[in-house]
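When you read off a place in the sequence shown, starting at 1, and then add 233, the result is the number in the numbering used here.
Possibly wrong hints are sitting among the right ones.
[Unchecked claim] Taking lysine-lysine and the BS3-like style, the derived pairs with C-alpha atoms no more than 27 angstroms apart in a straight line are:
hint : residue 1 : residue 2
1    : K627      : K645
2    : K421      : K432
3    : K295      : K322
4    : K453      : K521
5    : K297      : K606
6    : K318      : K297
7    : K312      : K645
Since the hints were derived computationally from the structure, they do not count as laboratory data.
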Amino acid sequence: KQKKQQLITKRERKRNKDLDTSSSDIEPDFETQTANLNARRPIRNLINPEIGDSQQENNRNKFKLLFLKESPEEIKRRKAEASKKLTIKSESDLEVDIEDVYNQSSPLDIPIRPKWSYDMTKEQLDQQEKKYISEYLDKICDNYQDQELSYFEMNLETWRQLWRVTEISDIILIIVDVRYSPLHFSPKFYEYCTDILKKDIILILNKIDLIPSSVVIAWKNYFESKFPNLHVVLFSSAKQIKHKRKKARKSGESSKDVDQEYELEVKALAAEINTAKAHRKLYECVKKIVKNQVDLSGWSKMTEELCKKSTISEPFEAIGKMNISENEVEIMDSLYFGEVPRVKYEHGFVTIGCCGFPNVGKSSLLNSLNGRKVVSVSRTPGHTKHLQTIFLTKNVRLCDCPGLVFPSLVCKPLQIIAGIYPISQLQEPYSAIRYIAERIPLIENFDLKHPSETSSQNNNDWSPLDICEAWAIKRGYFTAKASRPDVFRAANELLRMTLDGAI
């Protein structure tokens, strides 16, 4: 009886919601509407009215990833193109200018927190920031068509998290996935941190084990030459040998060949792949920045312990458990989150903010630095909902910011491959499969057989749908009723393997 009453109440609530949303006085919910920038509707109609509402403190959608929704017509068009043949890209087509992604002269700036004062009330500040973000989105809407824009964050609450982290931090870590370095590094954000906030920046090139060492060094040299004030540190996701052996086995190589092929590469990267040594390099970098203004002896001791117990894949469960009481944490937090302007390295503390796109490994980096699990990790973009603070030592605090997607002109399939958009929510994964297959020998690597026996193995005879069907057959993925190859499940698995570095 109680369950039945709950269902009746739920139906009534849903019925009342449908009636309310049909009224012209109520703005439509973002999740149920089609956002079309070409229609030039007021941008406020594209944002969930509940998001960012100071009266909705417990709203479950408050920190949700918020992107513009694609029209059903656009999704239908891309699904129809999934059966078109591949066009293999030449080597010159693989090169992309960074200006094509983040054009410095374009209106695609990042939203900067409006000027405020301690004399303002909470409601005044809230309304000012809402007005600012609405005008910011309108400006983008007026300058670009919906097909030109990439996915980018529209949730004011998420931008507020970034503003807060950058304000309270003395040093900012920008973490990028080295496989997509230009995509994950926003020059506008770098300028905002260095020119406006006057912060020191450290760039973490993460997941260096997933690409050749020569490419890692090339990216390191590129950032150091283009951004002279940038400190660059290499870090590893520690899945190197497993993924490369798995990848090679699927392409028909023996494990012996794999070991010989990557032996030199592993040796060249060993110092950076080793978590403890990367930890040491980050410590030295921070020490160089803060000089003698902060006592980093506790961090130094921690790095020494890590170096003694270090192996490439060993977890450091016993390291990083600092003896800090809850009372000490509250006192130290009050020094940072108080109602007075902060002074750099005040009270002998240093705060290091960790910023970046979703899925670049920010939370994993924090766990590595602490030598134990201090924050949860997930492949799903937007898993970290709110800024988190972790004391590495009594004088060093790490601040984890939720992943943020900055505005750019990069194509959406590449964003999907890079893990910026949740794969589980994709309505059309085949354009991303096309993007992969036209640039790497996906068919040869997985030894796929064309679903049609009359077709040849020439790559030009394949379409994204053919690839997904061939993979579904090979893996044994079939629909329940009709027993047809489950191409959607196959496409999702291929995209997840790409995200993990197995492709």
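Legend entry - Hints violated by the structure (listed by number, smallest first): Hints 1, 3, 6 contradicted; others consistent.
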